[in-house]
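Top line first, the protein sequences correspond to chains A and B. Position 98 of the first sequence, counting from 1, maps to 96 under our numbering, and the rest follow consecutively. Just add 18 to wherever you are in the second sequence, counting from 1, and you've got our numbering.
There's no promise every hint is true.
[Said to hold, decoys possible] Which bits of chain A does chain B cover? Going by a derived footprint, with three or more residues having C-beta under 8 Å, they are:
| no. | region |
| --- | --- |
| 1 | 42 to 49 |
| 2 | 98 to 108 |
[Stated by the list, open to error] Restraint ranges, calculated between C-beta atoms of paired labels, are given here:
| no. | chain 1 | residue 1 | chain 2 | residue 2 | range |
| --- | --- | --- | --- | --- | --- |
| 3 | A | E13 | B | G79 | 40 to 48 Å |
| 4 | A | A0 | B | P131 | 22 to 30 Å |
| 5 | B | G123 | A | L111 | 36 to 44 Å |
[Stated by the list, open to error] Only part of the chain A face toward chain B is listed, based on derived beta-carbon distances under 10 Å:
| no. | residue |
| --- | --- |
| 6 | S18 |
| 7 | D22 |
| 8 | T29 |
If you are wondering where the hints come from, they were derived from the structure by calculation, not from laboratory data. Cβ atoms here follow ideal geometry from the backbone N, Cα and C, with glycine treated the same way.
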Amino acid sequence: EAGVTQSPRYAVLQEGQAVSFWCDPISGHDTLYWYQQPRDQGPQLLVYFRDEAVIDNSQLPSDRFSAVRPKGTNSTLKIQSAKQGDTATYLCASSSDWGYEQYFGPGTRLTVL
Amino acid sequence: GDSVTQTEGLVTLTEGLPVMLNCTYQSTYSPFLFWYVQHLNEAPKLLLKSFTDNKRPEHQGFHATLHKSSSSFHLQKSSAQLSDSALYYCALSDNNAGAKLTFGGGTRLTVRP
């Protein structure tokens, strides 16, 4: 069974630039999560979906971050006008509707200069 | 809101000695507790979960017991191995399938020869 896949693996930007991250969850998993993990800190939830619906985006900086999952499968997280404080690893995870465990992708390491 | 506390940021010990990593939590409900392990430049992987059909959760020699009276879920291993060196995160979720995870700050375990 294929795991959660993410791309790109690395991104380096200047402040003010935009970037998009892509996630493909485990097949059949209807819940998808995006976490932000600053260096040497635990992952912090940004947003999560069940199918195509947003369940919780209360921690997503809505002025610059957006996330979509239009068909309930793949998802894209976008940062408009990145700031140095956005430097972190962005992790995608998925779980099944009847399961409690979350399975993480390899992450995208973002550096904003 | 929910929170998870890991009091040790860094733990260094000698191979063969016992390991104990602390985890306490606060939650309005009766949450599920998890331990995730993250090796360098890899995604977090599930190590243990608190619910295992009345058996003590155990994996790769690690075990943890959920103590609701003290709101704790400490991770233990009788004899550390060099390969155990990694970041360890304690996390909790509501006892609903597909719920989000709240992570602790993490403990970096270094095992020396």
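Here is what the structure says about each hint:
1. Beta-carbon proximity to chain B at under 8 Å applies to 4 residues in the region 42 to 49 of chain A; the threshold of 3 is reached and the given coverage holds.
2. Counting residues of the region 98 to 108 of chain A whose CB lies closer than 8 Å to any CB of chain B gives 8, so the stated coverage by that chain holds, three being the minimum.
3. The hinted window of 40 to 48 Å between A:E13 and B:G79 holds, with their beta carbons roughly 46 Å apart.
4. At about 37 Å, the CB distance of A:A0 to B:P131 disagrees with the hint of 22 to 30 Å.
5. One distance hint, 36 to 44 Å for the beta-carbon pair B:G123 and A:L111, is violated here, with the actual separation near 26 Å.
6. Nearest Cβ of chain B to the Cβ of A:S18: about 19 Å, over the 10 Å cut. The hint is violated.
7. Below 10 Å, beta-carbon pairs count as interface contacts, and A:D22 has none with chain B, the closest being about 14 Å; its hint is therefore violated.
8. Proximity of A:T29 to chain B holds as hinted, the smallest CB-CB distance being about 4 Å (cut-off 10 Å).
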